[in-house]
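Working from the sequences, and respecting the hints, build out all of it.
There are 2 protein chains.
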Amino acid sequence: MRDWKTQRTAREDRLAAGARFARGKTVAVDDLTAFLETVLRPGDRVCLEGDNQKQADVLAMALADIDPSVIHDLHMVQSGVVLPEHLDIFDKGIARRLDYSYSGPQSARIARMLFGGKIELGAVHTYLELFARYFVDLTPQVALIAAVSADHEGNLYTGPNTEDTPTVVEATSFKGGLVIAQVAEVVDKLPRVDIPGDQVHFVVEAKKPFYVEPLFTRDPGAITETQILTAMMAIKGIYAPYGVKRLNHGIGFSTAAIELLLPTYGEKLGLKGKICTHWALNPHPTLIPAIEAGWVEQIHCFGSEVGMDDYLAARSDIYFTGADGSLRSNRALCQTAGLYACDMFIGSTLQIDLAGHSSTVTTDRIAGFGGAPNMGSDPRGRRHPSEPWLKAGAEADPGTPAGLRRGRKLVVQIGETFGDANVPLFVEQLDALALAQKLDLDLAPVMIYGDDVSHIVTEEGIANLLLCRDKDEREQAIRGVAGYTEIGRGRDRRMVERLRERKVIQRPEDLGIDPLEADRSMLAARSIKDLALASGGLYRPPSKFRNW
Amino acid sequence: MRDWKTQRTAREDRLAAGARFARGKTVAVDDLTAFLETVLRPGDRVCLEGDNQKQADVLAMALADIDPSVIHDLHMVQSGVVLPEHLDIFDKGIARRLDYSYSGPQSARIARMLFGGKIELGAVHTYLELFARYFVDLTPQVALIAAVSADHEGNLYTGPNTEDTPTVVEATSFKGGLVIAQVAEVVDKLPRVDIPGDQVHFVVEAKKPFYVEPLFTRDPGAITETQILTAMMAIKGIYAPYGVKRLNHGIGFSTAAIELLLPTYGEKLGLKGKICTHWALNPHPTLIPAIEAGWVEQIHCFGSEVGMDDYLAARSDIYFTGADGSLRSNRALCQTAGLYACDMFIGSTLQIDLAGHSSTVTTDRIAGFGGAPNMGSDPRGRRHPSEPWLKAGAEADPGTPAGLRRGRKLVVQIGETFGDANVPLFVEQLDALALAQKLDLDLAPVMIYGDDVSHIVTEEGIANLLLCRDKDEREQAIRGVAGYTEIGRGRDRRMVERLRERKVIQRPEDLGIDPLEADRSMLAARSIKDLALASGGLYRPPSKFRNW
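As you go down the protein sequences, you meet chains G and V in turn. The numbers in the numbering used here rise by one with no breaks, and the one at position 478 of the first sequence is 478. The numbers in the numbering used here rise by one with no breaks, and the one at position 283 of the second sequence is 283.
Don't read these hints as lab results, they were simulated from the structure. Remember, predicted model here, so these are calculated numbers, not experimental data. Honestly, I wouldn't trust all of these hints.
[As the list claims (entries may be wrong)] In the DSS-like style, the derived pairs of lysine-lysine whose C-alpha atoms are separated by at most 27 Å in a straight line are:
no., chain 1, residue 1, chain 2, residue 2
1, G, LYS5, V, LYS5
2, G, LYS5, V, LYS272
3, G, LYS471, V, LYS5
4, G, LYS272, V, LYS5
Below, the structure is given as structure tokens:
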């Protein structure tokens, strides 16, 4: 007779071993490393909660202190590789294999370690597909997660940074796995319950809050006039004609500029209520002026943002908030919202090739992509119709009869033809391809594929790839907005002019925009201080963004 | 100064009004209609929990008893339209607008009511996109949900049918909405907490369990020899060469036949451990023999299935189960698993046209599609690589260099060339198109689009659409497996032969399958009783499936 409860039995063994260090469910932080050595097993599949914002930092440090002769060959399945400890465990031989999504601050070191063979790479995922695999073939055996507080039954309060926690806990706890949470404090009564205690096995009282990275804060003071120009073009040339109400903005100064132009330039164009009403979006401080001016109806968030918590709580008509009054975020559901309920994604990238493929990976940095590839892809299959989606579909595919013609999600790449340090945005070949060869990857780390991209916006113009009828037209449409980069200079001028006549390419003047108008005075806030003022003092920027 | 807490204030008004009928959070079932008239408002967006399985039936009945002069013009946003009351509320004028996903048992009546203008249709969604819109532009103001039991704080135990509940509650409760749950009983201590009490506002003690439909039970006794033949072809011609380990099966007898052939035919082919190990799947009773024979490693479920609960609890190494020992399902997460973590979807349909588009909608039945269009679509964009996905991608797109070439999800349509009542599976034009014209829909209710379909399996053969290089080849590949239907008889015989030489079409004999082998004796279970026996008595079939 086969034993069908081996996972439950294994968990009971871990629980019994761990209980030696626990009072009730609570483990003292001083015992943490010894405790982890007791409850972990070599080869375990472990999710160490590192979202792109909040970090189970105390658990990460303790994990990195483990004796690799006791616990080794862990298979880490986590969305963010953000803290040094996330890679230290590979250097020390505690972990061996990695499946992940995002690695912003560690992108250079992770590249070196991959080249050096220190990490056995599973795959670089999008958030939503990594979450998906948590329920199919990458289910964690142990989850090391972070919350604000716990009660004595192990119920958890995540506060505004709920993020990945419910998804990770659900996959782990309901499949015989062990859930260990770090919290700042154990209290008698929680402000609200984000995770029921019967899904949580041990609680570590860290006596300090988990670490959070202010990832979505962009200082309006750093927005350039070129970014303002591209933002004006995007609003007038894309948001307005398609009537984009439901959308997601990527991270970056170009989209921050759009957010700050809504109450000024957008107002002047009479677009209030007609665009940008419903969002799947992190709590961008640069959206505060538009919210205050009444542009926004509703925002669902992936996570929170440092300094925004009081503002979010005070704007519960806009944001999702809990019984305690504070934000409730949820990355898995917000990714789904971005995938299927939004009509547009707009974001920036580091490289775009002649087919419109783009990537933020370069040969010495493997940043991972987080949510952008889900937001920035057209999921095809069946979808509910909406006006922007139908209009975009009709442009892309005028030949198919309406009933059978699918719409298209608007996927917009926005950027300056030359980026930081004068590096060209447009390239013959993505660095991602060279990297794939070097690491012998099955699939180059492309972030957004060219056939999903609908528009590219630069200071030279908007290329509408939906209107391109073949590969050559696409290439020339891209070259036609690539400015003085080598790609731009390689254009076929006559073909580009024909594309402009067909409005495949639109220049600022075609849109009635004078580039000289693009002035910082148009921004609804010109500094972080302006944002704080616009929020009525509710937004409290982190100190590194304060200069007053 | 704008008031930014209107939703919270409105909820407090509803709570105060409802409190007159409540002791703590508990409302007596006799007061239910009067209570609903008090807490609802005309024009409310309401999610009445009707999943494709469990039903908030007591709440549905009470809602249908409301006085339409008090509460009217409700906008129903619910995944399943299953009970008569779900449509009665439109007949009575209580509700006006509908956004939904699935309407199996009500498909004929919903069609009549749409034609008659009794229902203002928003859109027919897939589950995942309706859930997505709950967080963007279809957020419920009131959720009427179902659970097994509640405690005095309003914590809920859903039992194995967790299904949509966490998603609906999260969208409603965290956006200022009101959550009302029907439960069979209020208890002092729950077996486990599926929904924290601070997300639940009122509890109705219905004194009986919610209604559940045994939707995924297929009697092996009704499986035909033709279905066995197509199942053999699918296993040998698709599952084996692609090495499909992670998959979803649609509802129907053809896929039930595949499940029942794994421990017999699949075993003979030496495929154990090589295919069908990880599933996103409802608890199909027909998978019991394969599970018992050790074929399956893990299954995550959308919902539960009537009669399967004890079996699921006793197989916790396979299924996701909670602290109480019973199944934990979750439709939103399982749909995501099917979308991004599975390499194959295989299912049946009612009509397939010459482009490979398919639909279960006919001119007098609008069934909705539930999850099939998410499962049965290739989401494109970026995905992690897997062997089946890469192999399928290489077949579809041999020209693109490997690093930039995306894989393809396997999306397989399986069926007999003539279905029930001798109706042909293959048609010139889908009835869905005529329906779209009749109802003036922007988008015909196509279930799975042709460009997502990789294979079509009938008793005549397998058409591999990945290998087709143009529209004509696709059409002839489809005609080439369409048997004696009019579509099949209209084939270009020489072209079909050429396609067969290229293995675009494979006949049973090309696969080394003798149609005479396809015998019911090959099924690992030939009756519902066999399934119950195979489960060691743990599967308890509903009485309508018992004949012993």
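Verification of the hints:
{"no.": "1", "hint": "G:LYS5 <-> V:LYS5", "verdict": "violated (49 Å)"}
{"no.": "2", "hint": "G:LYS5 <-> V:LYS272", "verdict": "holds (21 Å)"}
{"no.": "3", "hint": "G:LYS471 <-> V:LYS5", "verdict": "violated (51 Å)"}
{"no.": "4", "hint": "G:LYS272 <-> V:LYS5", "verdict": "holds (21 Å)"}
In summary, the structure is inconsistent with hints 1, 3 from the numbered list given earlier, while agreeing with the others.
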